[in-house]
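Novice: If you want the building blocks of each chain, they are given just below.
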Amino acid sequence: MVDKLTLGFPAHFKYVRIASVLGVQAAQFIDSESDPEELLEFAHAFELAISEAVTNSVKHQRSLSRSSKIVVEIEISRTEMTVAVMDSNPHFDITQIPAPELDAHPENGYGIYIMRKIMDRVESRRENGWNILIMTKKRPGV
Amino acid sequence: MKIYQKILEDVCIIIPHGRLDASNTHYIQKSLSEEAEKEGRVVMDLSSLEFLDSSGLGAIISLLRRVKKNDGDMKLVCPADKIRRVFELTRADRMFDIYDDCEVAAKSFPRGKA
Amino acid sequence: MKTLLIVKEKEFSWLGSTFQNCHPLATQICKKPLLEYFIDFSILCGINDIRLATDAPTEELVDQFGQGSRWGISLDYSPVRETDELDEIIQKNSLYCKDSRLLVVKGFCFLHYDKNIDYKYFMHNVEPGELSSCETGSVRVMDDLSQSGTVPASDSPTLSLSPVSNVGDIHRLSMEILMDHSDQYVLPGYNNEDHIYIGHNVTIAKKAKIIPPVMIGNHVQIYGETVVGPGAIIGSDVIIDAHSSVQDSVIFDKTYVGEHLELKNKLLGGNLIVDPDTGTQVHLEDPHLLSQVKSSKKSLPLIHRIFHQITALLAVIIMALPYAAFALILKLQKRWLNEKETVFINSSGRTVELVRVTIKDDGLVGRIARSLSLERFPVLIRVMQGKLALIGSRALPADEENRKVLDEYQAYRPAAFSYAEAESWPAEDSDWEIVERFHLARRSLLRDYLMALKAVLNSFN
Numbered sequence: 001m002v003d004k005l006t007l008g009f010p011a012h013f014k015y016v017r018i019a020s021v022l023g024v025q026a027a028q029f030i031d032s033e034s035d036p037e038e039l040l041e042f043a044h045a046f047e048l049a050i051s052e053a054v055t056n057s058v059k060h061q062r063s064l065s066r067s068s069k070i071v072v073e074i075e076i077s078r079t080e081m082t083v084a085v086m087d088s089n090p091h092f093d094i095t096q097i098p099a100p101e102l103d104a105h106p107e108n109g110y111g112i113y114i115m116r117k118i119m120d121r122v123e124s125r126r127e128n129g130w131n132i133l134i135m136t137k138k139r140p141g142v
Numbered sequence: 001m002k003i004y005q006k007i008l009e010d011v012c013i014i015i016p017h018g019r020l021d022a023s024n025t026h027y028i029q030k031s032l033s034e035e036a037e038k039e040g041r042v043v044m045d046l047s048s049l050e051f052l053d054s055s056g057l058g059a060i061i062s063l064l065r066r067v068k069k070n071d072g073d074m075k076l077v078c079p080a081d082k083i084r085r086v087f088e089l090t091r092a093d094r095m096f097d098i099y100d101d102c103e104v105a106a107k108s109f110p111r112g113k114a
Numbered sequence: 001m002k003t004l005l006i007v008k009e010k011e012f013s014w015l016g017s018t019f020q021n022c023h024p025l026a027t028q029i030c031k032k033p034l035l036e037y038f039i040d041f042s043i044l045c046g047i048n049d050i051r052l053a054t055d056a057p058t059e060e061l062v063d064q065f066g067q068g069s070r071w072g073i074s075l076d077y078s079p080v081r082e083t084d085e086l087d088e089i090i091q092k093n094s095l096y097c098k099d100s101r102l103l104v105v106k107g108f109c110f111l112h113y114d115k116n117i118d119y120k121y122f123m124h125n126v127e128p129g130e131l132s133s134c135e136t137g138s139v140r141v142m143d144d145l146s147q148s149g150t151v152p153a154s155d156s157p158t159l160s161l162s163p164v165s166n167v168g169d170i171h172r173l174s175m176e177i178l179m180d181h182s183d184q185y186v187l188p189g190y191n192n193e194d195h196i197y198i199g200h201n202v203t204i205a206k207k208a209k210i211i212p213p214v215m216i217g218n219h220v221q222i223y224g225e226t227v228v229g230p231g232a233i234i235g236s237d238v239i240i241d242a243h244s245s246v247q248d249s250v251i252f253d254k255t256y257v258g259e260h261l262e263l264k265n266k267l268l269g270g271n272l273i274v275d276p277d278t279g280t281q282v283h284l285e286d287p288h289l290l291s292q293v294k295s296s297k298k299s300l301p302l303i304h305r306i307f308h309q310i311t312a313l314l315a316v317i318i319m320a321l322p323y324a325a326f327a328l329i330l331k332l333q334k335r336w337l338n339e340k341e342t343v344f345i346n347s348s349g350r351t352v353e354l355v356r357v358t359i360k361d362d363g364l365v366g367r368i369a370r371s372l373s374l375e376r377f378p379v380l381i382r383v384m385q386g387k388l389a390l391i392g393s394r395a396l397p398a399d400e401e402n403r404k405v406l407d408e409y410q411a412y413r414p415a416a417f418s419y420a421e422a423e424s425w426p427a428e429d430s431d432w433e434i435v436e437r438f439h440l441a442r443r444s445l446l447r448d449y450l451m452a453l454k455a456v457l458n459s460f461n
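Protein chains in written order, with our numbering: chain A, 1 to 142; chain B, 1 to 114; chain C, 1 to 461.
Worth double-checking, as some hints may not be accurate.
Said to hold, decoys possible - No farther apart than 30 Å at their CA atoms in a straight line, the calculated lysine-lysine pairs in the DSS-like style are these:
1) B:Lys68 / B:Lys107
2) B:Lys107 / C:Lys10
3) C:Lys360 / A:Lys4
4) C:Lys360 / A:Lys137
5) C:Lys454 / C:Lys331
6) A:Lys137 / C:Lys340
7) A:Lys137 / B:Lys82
Worth flagging that the hints you see were computed from the coordinates, not collected in a lab. The structure displayed is predicted, hence computed values, not measured ones.
Generate coordinates for the entire structure from the input sequences, incorporating the hints supplied.
Specialist: And the structure:
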């Protein structure tokens, strides 16, 4: 069974949490026999990663006055959960983003780094004018 | 997002409630009064925070820098693992003295400084 | 009662990443992570709460130990500063330490105890103060309830500390426990014979000799004419090749021990050999001690290639019809994804484009399609054309990083099925490389045939 949830919203910071909370809730739908603690950690990882990804999308839109649209797609398969964050911003390639200099304790630039740390896979691609950022994590107990 | 403040002796305690993300980091920036910034004895109590991402973290780091400019310090109270994870992932935990009890954090400032 | 472990980064920085890519507190002594000994001891004392106060990153520990639920305890972490003294650390954790007796272990050290003793009474009644210490640490009982004890610390049952300050200490402790004190600790592995601990999926050749005491991890292959023990601690995902011997030595996870190697009183992990007495380290250039394999940059003999091509041809003929049918059904359901990928086809960097099929269906149709290996159909055509082998290495995507891998991987021979798959080797990290290199060095027509069969059967299951 593959369940899919889709959420579309204008690119505004105030909606970041809606996407993030959707991720947490979706992850908790997983009917897992694994340790509830592990499941909660899994859900929290998505809560944080989605918040980071959507915040990036809002930040990088062309003009802040006319919000573009962001679509978040959550897919739960037998083995993993995948979240795709799509926006129509100018081309954004995550491989071009340098890792933050942790020892200098910067005030921003952690987003991609955090996603990579807490997800199993983070990929981005450009398709029909959309930036698609895909984050995948193996379900607990798989 | 609500941010409560209280003064314990001469220490300013900032207690943000709810979720701290890019939509409300400006409240954190505003939460430090000029007076408290000068006094330089600040405790940020994160124990009522439900969620923190790197935007929120950035705001907290920036606040610490403001306080430190005046030779002050900002201590953290941070019991929840989920919130602390963000500090650990980014190594920001190395910038702060982190306590699990707000009162003890407030009392940890050296006495005698006016 | 609660446990507070205090370990500073500077106390274990000497360890670096010598052997294991893990947190120093997860360093294995007798195949058991150091931290787990503290957890076990806390449980013996009737303690359910353990907090680790450290200035070092803990992510790896969190990944490995979680919040302790596996042991039925609560494990958490407190970030402290490098300069914090004991009283500052207690202050920072005052909520945790409040109203409780505290077992405080400070420093990077090993705690000797005996699992057969009940420490509960002693711990609850001992006079607060230091119980034991060594050059690198101390263990003490503190009491926030200002309860004084009725039992003097000198009445302590088996309880002492040993320093862990160099690689020799790790070797010495491991050997001591294995040889004389294995009954004092809960050690991993089945223990159906005295002094022999064996994990799961372990293959031991008939002509191999095992002399206790030994400990062997999971997924270990021991080949003929080898002598293992006495005093051998062997990690998981390890191959010990023919005519080698391992005595008084520790071999860490994911290590390949080549043929005719004699290991006595050594620590060995990946490509590093350490003499525990002198601390002398030898980095072997070859990442997996595969000195014999490295030279085998030979193309496949003609007969091999023909075998691979003909088998692929047969497979393509048999699979053509089911392939067409299943692809059609799954494509209509949008559960059949074709992606193009460029991979290296030899170690000098030539590439070919492959069609990678992903079947995104967990239903019956998808399962059948997968068990028939239908997603490999396009790749098998490449095998038929002679671009890839039927069985061999995993085909590495053509990118900068893999280009570097190939420089050290002369025997690389990409294939539709990989040896690692055939052996159902865990797919994480680089362990698969060990298996691949091993089989590449030993390939023969019959072996390849059997391995390919194994790979197909595996996907069938």
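Novice: Check each numbered hint against the structure and report the violated ones by number, ascending.
Specialist: none
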